[in-house]
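K.L.:
Sequence:
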Amino acid sequence: MTITEHFRQAFFLLLPCTMLAPASGQSITAEAPVRTVTLHLAPGASVPISPTLYGINYDWNAIPSTMTDQFARAMHVTAEVHTVRYPGGWNAEHYDWLNNTEQQWKHYSPIPGAPPAQILHNFSGVTFITPSSSAITNPDMDERVATISEALVKKYGDRVKVWEIGNEWFLQRGARHNPQILQQNIERYAKLLNVVVPRMKRASPGVHIYVVAEWNNKNDTRRLRRLTDPGVWAQIEGIAIHPYCGTTTDESSCTTLQQRIADVRSATGKQNIYASEW
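For the sequence shown, this note's numbering begins at 26 and goes up steadily by one.
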């Protein structure tokens, strides 16, 4: 069985309470050469995979729309993938849902990836990520971001049940290296949640909303919960984390993942954990 090198880089695994996804790979262009890799599978040693627990992080800028149907077939046949996270990680902060384009950023691609309808056509399970960065940068943008998110839920809420609000507020605006900015980001993300969550729920009460937590710091996670209105927090189904299990750094060891999930549950009061592995 063969699969292109581009496709091979796009796998993630979603385990019970745990979604695993790779970092954005090298962007694919229509002119890029396709290198074929031969995979030897041992089906006798396998077990059935639940379609609700196994999927991919679809990076909008990595797979052109002209290749998405082929990509989907490869994912279904090779990996039994049925679920995708769209438009994928940081792409969600730069994606224009109306025009199927993206803003200029370091992974900008002039060749469009798949629009939502194409993803929904190819995969039975889809989770959508709404934007947050403009509100983290400028709190006056809360209402605008809420309007965008509400419109998306109205349009896709009957088919998309799981929604993740923003991507890694704790890394935005250089927060990783500046504790003061990190605390500002917590405040701004909580402020956004207070506006956007009720709007999304009113648009479609049946959607499941996941908010992003900083998995390395229980105190910051508790503070996010305290800053969010209790009535709003009650409308949130679960917590999204990106623990980076299996990387070379000690703090990202798989051996600590179970404790991290326990800490997040304790700090947030939420049992549902949506963990993406890059």
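It is worth saying that the hints were derived from the structure and are not from the lab. A couple of the hints might just be wrong.
DSBU-like mimics (lysine-lysine), calculated; alpha carbons at most 35 Å apart, straight line [said to hold, decoys possible]:
1) 180 / 216
2) 216 / 295
3) 186 / 243
4) 179 / 243
5) 243 / 216
6) 243 / 131
7) 186 / 295
8) 179 / 216
9) 186 / 226
10) 295 / 243
11) 179 / 226
12) 180 / 131
13) 295 / 179
14) 243 / 226
15) 226 / 180
16) 295 / 226
17) 216 / 131
K.L.:
Against the structure shown, which of the earlier numbered hints fail to hold, in ascending order?
P.N.:
No hint contradicted; all consistent.
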